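Enquirer: Listed below are the residues making up each chain.
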Amino acid sequence: MTIELVASAIKAILMIVLGLNLSLFLLYFERKGSALIQDRIGSNRVTITGIGKRMGMPNLGIINTTIADPVKMFTKEDFIPAGADKFLHTLAPFLALFPVMITFVVIPFGDTISIAGHRIGLEAANLNAGALYLLATIGLGVYGVALAGWSSNNRWALLGGIRATAQMISYELAMGLAIVSVIMTFGTLNLQEIVRGQGGVWFGFLPRWGIFVQPLAFILLLVAGAAESKRIPFDLPESDSELIQGYFTEYSGGKQAVFMLTDFAEQALIAMLLTTFFLGGWQVPWLMRDGFHLPGGAFLAVPALVVSLLGVVAFLVKVVALCIFLGMVRWTLPRFRYDQLMRLGWKGLVPLGLFNVLLTAFVVVATGSAH
Amino acid sequence: MPPFLYIFLGALAIVSALGVIVQRNPIHSLLALIGTLMTVAVLFIGEDAVVVGFLQIIVYAGAIMVLFLFVIWLLNLQVEAGPTGHLALKIFGSVAAALLVTELFFILTPPHLQVKFTHQPAGYGSLASLAGKLFTDYLVAFEVTSVLLLAAVVGSVALARKLPGTDDPRVARKIAS
Numbered sequence: 011m012t013i014e015l016v017a018s019a020i021k022a023i024l025m026i027v028l029g030l031n032l033s034l035f036l037l038y039f040e041r042k043g044s045a046l047i048q049d050r051i052g053s054n055r056v057t058i059t060g061i062g063k064r065m066g067m068p069n070l071g072i073i074n075t076t077i078a079d080p081v082k083m084f085t086k087e088d089f090i091p092a093g094a095d096k097f098l099h100t101l102a103p104f105l106a107l108f109p110v111m112i113t114f115v116v117i118p119f120g121d122t123i124s125i126a127g128h129r130i131g132l133e134a135a136n137l138n139a140g141a142l143y144l145l146a147t148i149g150l151g152v153y154g155v156a157l158a159g160w161s162s163n164n165r166w167a168l169l170g171g172i173r174a175t176a177q178m179i180s181y182e183l184a185m186g187l188a189i190v191s192v193i194m195t196f197g198t199l200n201l202q203e204i205v206r207g208q209g210g211v212w213f214g215f216l217p218r219w220g221i222f223v224q225p226l227a228f229i230l231l232l233v234a235g236a237a238e239s240k241r242i243p244f245d246l247p248e249s250d251s252e253l254i255q256g257y258f259t260e261y262s263g264g265k266q267a268v269f270m271l272t273d274f275a276e277q278a279l280i281a282m283l284l285t286t287f288f289l290g291g292w293q294v295p296w297l298m299r300d301g302f303h304l305p306g307g308a309f310l311a312v313p314a315l316v317v318s319l320l321g322v323v324a325f326l327v328k329v330v331a332l333c334i335f336l337g338m339v340r341w342t343l344p345r346f347r348y349d350q351l352m353r354l355g356w357k358g359l360v361p362l363g364l365f366n367v368l369l370t371a372f373v374v375v376a377t378g379s380a381h
Numbered sequence: 016m017p018p019f020l021y022i023f024l025g026a027l028a029i030v031s032a033l034g035v036i037v038q039r040n041p042i043h044s045l046l047a048l049i050g051t052l053m054t055v056a057v058l059f060i061g062e063d064a065v066v067v068g069f070l071q072i073i074v075y076a077g078a079i080m081v082l083f084l085f086v087i088w089l090l091n092l093q094v095e096a097g098p099t100g101h102l103a104l105k106i107f108g109s110v111a112a113a114l115l116v117t118e119l120f121f122i123l124t125p126p127h128l129q130v131k132f133t134h135q136p137a138g139y140g141s142l143a144s145l146a147g148k149l150f151t152d153y154l155v156a157f158e159v160t161s162v163l164l165l166a167a168v169v170g171s172v173a174l175a176r177k178l179p180g181t182d183d184p185r186v187a188r189k190i191a192s
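Chains as they are written, first to last, in our numbering: chain A, 11 to 381; chain B, 16 to 192.
Footprint (simulated), chain A over chain B, 3 or more residues, beta carbon under 8 Å:
#: 1; stretch: 61-72
#: 2; stretch: 83-95
Here are the computed distance ranges between Cβ atoms for each label pair:
#: 3; chain 1: A; residue 1: G93; chain 2: B; residue 2: G147; range: 53 to 59 Å
#: 4; chain 1: A; residue 1: G210; chain 2: B; residue 2: V37; range: 57 to 63 Å
#: 5; chain 1: A; residue 1: G358; chain 2: B; residue 2: V155; range: 30 to 36 Å
#: 6; chain 1: B; residue 1: E62; chain 2: A; residue 2: H128; range: 29 to 35 Å
#: 7; chain 1: B; residue 1: I87; chain 2: A; residue 2: P91; range: 19 to 25 Å
Note that these hints are calculated values from the structure, not bench results.
The model shown is predicted, which means the values in this text are computed figures rather than measured ones.
We put the CB at the ideal spot given by N, CA and C, even for glycine.
Only chain A is shown next, with the shape it has when bound in the complex:
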């Protein structure tokens, strides 16, 4: 009992640290990846006492950018504007970050692993109502943003806050509908069970991943997720050209860093959700408990511990690939107009989601079984 508790605590901390590290990776991508896409050099001035230069490199790349940006932000003045609601102004960044951080703990990042005779499931919290927990915590993310906009005593911030609130509650519906159709397909709310349900192959070669059963739901969750994380093309709440910085116009220093971290962490979370629901989570194609069953009928035995670790690696690879994909979308598309955003949400995604739920229900009833 105590060993399980300790293991759960360690796994929860691991997941949150993974989320934070993915956010740093996304920050790096924001600086250097965007430069690559736009044929620029990107941030290139930070070195640690010239070590990089001496070694013949312009800088230490990922380490420098990811350390320099947060250090710079946290050492700047923390400014609260006159007339602002001081308590809420300080609370808002953390209200925004907290729901994202606690959502990471339900994501399964591996199957099970045997350590010293104990079988440990590689998910921090194996909730039977995991999908409901997800929807609940994601729904709470709106308050930090809304209250940041309101408490700043600034019109641009308030407009950004209102835009963010309307956008997030609109796209939450589409997101919920996409998740509902996945739940109906796999017949469970438990995320680990959903990932297990994606094991095995069809026709001898095609992995039974969710994306092949629910392609429409994948697109819905991708679009709605991008909108929930308030990234381009859905970054209306913080659109620089109209609202200066939107809801966090009046934030500086560490608190602004927390808002940026929230955006990156949300992006990482969306990547994890897409991986869990549609890309088979920790499933490696053709890898079973005992080894690789390749399509041609060939078999390659793999030790159990390696199978577990390969699952974790597969999860990480999929999540990072999706993070890069979301980042590329962010640096490729222009921003929507606000009416286009609302039309896409309410007249595009929600009806499509309802249609997908109906279709899934018919198929599940017709075939007589889930999945």
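Position chain B against the provided structure of chain A, taking the given hints into account.
Expert: The following block gives chain B in isolation, referenced to the frame of chain A:
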């Protein structure tokens, strides 16, 4: 759920409920209300009503309170400087509150209220058991409620819809005529 946790959460719920009515700033009251709803949701989850608890967070804390926030912004409610209202109203309010407290005290103390602790059956509060009840025993009530909600949605859209050629919503025209 261990008793100390139950007592702690109960106290937290009561304190944040007091915060709703004591604070002068409507946004702060709203936050306190969210706190109350969240605490009650955690109590539900602790008592094995997991689905009800999460639905409480999704529907009330996550959606309806956002609606409240919008209404507060829309009406531009400001911080109230001090107590307002007629003296007679205050006296009447105090007496009514005292009566309500006395009544609740008598109802909620042992001779009237018998507290029994029972063990819930396995699977109690799970989505399967909830859905089973909802779609068998209470199917008619469930469907009638959804039709009612649909009617409300259609009604509100019809009221808010702009007529072609006018900028005024229909409701404004009706009030004017």
